[in-house]
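Peer 1: Each residue of the sequence shown is one higher than the one before, counting from 1 in the working numbering.
Certain hints may be false.
As the list claims (entries may be wrong) - Here are the computed distance ranges between Cβ atoms for each label pair:
{"no.": "1", "residue 1": "Val120", "residue 2": "Ala91", "range": "17 to 23 Å"}
{"no.": "2", "residue 1": "Phe94", "residue 2": "Leu7", "range": "31 to 37 Å"}
{"no.": "3", "residue 1": "Asn5", "residue 2": "Leu32", "range": "25 to 31 Å"}
{"no.": "4", "residue 1": "Lys117", "residue 2": "Ala48", "range": "35 to 41 Å"}
Calculated directly from the structure, the hints in this document are not laboratory data. Just so it is clear, the structure is predicted and the values come from calculations on it, not from any experiment. Glycine included, each C-beta is placed from N, C-alpha and C at the ideal position.
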Amino acid sequence: MASRNQLGLLILRVGVSGLMLFHGIPKLMEVLQGNFDFGDPIGIGEVASKILAVIGEAICPILIIIGLKTRLAAIPAIITMAVAAFVVHGADPFQKKELALIYLIGFVAIALLGPGKFSVDKR
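Construct the complete structure from the given sequences, taking the supplied hints into account.
Peer 2: What follows is the structure, encoded as structure tokens:
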């Protein structure tokens, strides 16, 4: 039973974070090319917003996949998805915010459950 739970944690970590990378890697590549065009949903400026989005959608998911500081790494991803769901898509119909909410739920579960034994942290 315990090993199935550990496998489930691994699948959750790798699945949610791996899919998030499809959103984060393009943003990371834009930043590396010097393109900081982005929205400013919380009023801190385009550059800061883009950097925080890259951290929440690319850097932290990589840490979560390998299981390094997983609970801590989930926090920026949670915040990024909460901003996407409730600020960026706050006035949109449910279908527009559904994906952000699914990611949000996944990252909250990861933060609560931890990385499991199939991780660098092995907890």
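Peer 1: Please write out, lowest number first, the hints stated earlier that are contradicted by the structure.
Peer 2: Violated hints (numbers, rising): 1, 3; every other hint is consistent with the structure.
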